[in-house]
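Asks: So the sequence shown is numbered by full-length UniProt numbering: it starts at 1 and just counts up by one.
If you are wondering where the hints come from, they were derived from the structure by calculation, not from laboratory data.
Careful: at least some of the hints might be erroneous.
[To be verified] Computed Cβ-Cβ distance ranges for the label pairs, DEER-style:
hint, residue 1, residue 2, range
1, ALA285, THR225, 56 to 64 Å
2, LEU102, ARG219, 25 to 33 Å
3, LEU252, THR136, 38 to 46 Å
Beta carbons are placed, not taken as given, at the ideal position from N, Cα and C, and that holds for glycine.
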Amino acid sequence: MTVELPKMVSPISALTSSSPGVRALSRVAAVAAKADPAPAPGAVASAPTTASPGPGLRDALPAGYRNLNLPVGAADARTQPPVAPAGADSLLAAYGPNAAELAALPRLVGARLPTRTILRESQAAALARAEARGETLREFLDAAPIVAEMKRPSRNAADAEATLRLSLLARDGGRDTATLDVYLAKTGPRAFEAVVYDRDFAASSGSFPYSAPPVSIDRLLLDPTAAALIAAAAGVAAPAPFAAGKERPSLLAIALAITLACATLLGVAVALVAERPFAALALAAVGLGAAALAIRLRP
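Model the full assembly from the supplied sequences, consistent with the hints where possible.
Replies: Here you go:
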């Protein structure tokens, strides 16, 4: 008697091209794989494009970073175009200069630019302007018109005029920077004043009037022998009333006011000795009024 065994299916034969599962897989379209192109040797990787910080982020930064720009008219300005930073440096560049750039910036000393820095930058800017006009530095400064007293940059008036204007990016400690506007105005034959303002306090037009007093005022002279600007006197921070356009009392007015005050005190003393209190009060009122009027005399 013959016993017929059940037919066994080999697992290997099930994975043949005639298998229904394999035929189903063959109907699936192949996935197209696209490899990224390999960078060329020596090519510089482009920096990722990042959105500029919004107004809210910029306002939270120090004041100097909001006006970050390259120095205009600087004596040591680089002629080579700046190289775009790559990688992480591109993110830092949006918030301020790097250590190498900070080291090259002029530094504020006592909240003001040193006089030698103002002389150097003003000289370089004036020389560049003179060469552009085909003149020497002396010819350019001698031919410049004298600015009227009420229109000088130190008056901080809306219609202020200047012989030359330049902007400098200065370092104020650590990584803080400040953009300063330097105005050079001719005040007399071969006499000039250099007035420095903080750009953060400029009007909406980017110039006068500033909402803060000038950082410093320097008196400069043109040396005809050396054809160079020299410092006549070291400038100091201008007082607020003077920067706002108000008048300062002259030495003559101060001396006259002191004389009137002394005469008033003497008259009051004589009136009191003579037992005339009303006359003493009248003398005191007249004397104080005259002294106050004298102190307000123009220089």
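Asks: The structure should be examined with respect to each hint, and the outcome stated for every one.
Replies: Against the structure, the hints come out as follows:
no.	hint	verdict
1	ALA285 / THR225: 56 to 64 Å	holds (58 Å)
2	LEU102 / ARG219: 25 to 33 Å	holds (30 Å)
3	LEU252 / THR136: 38 to 46 Å	holds (41 Å)
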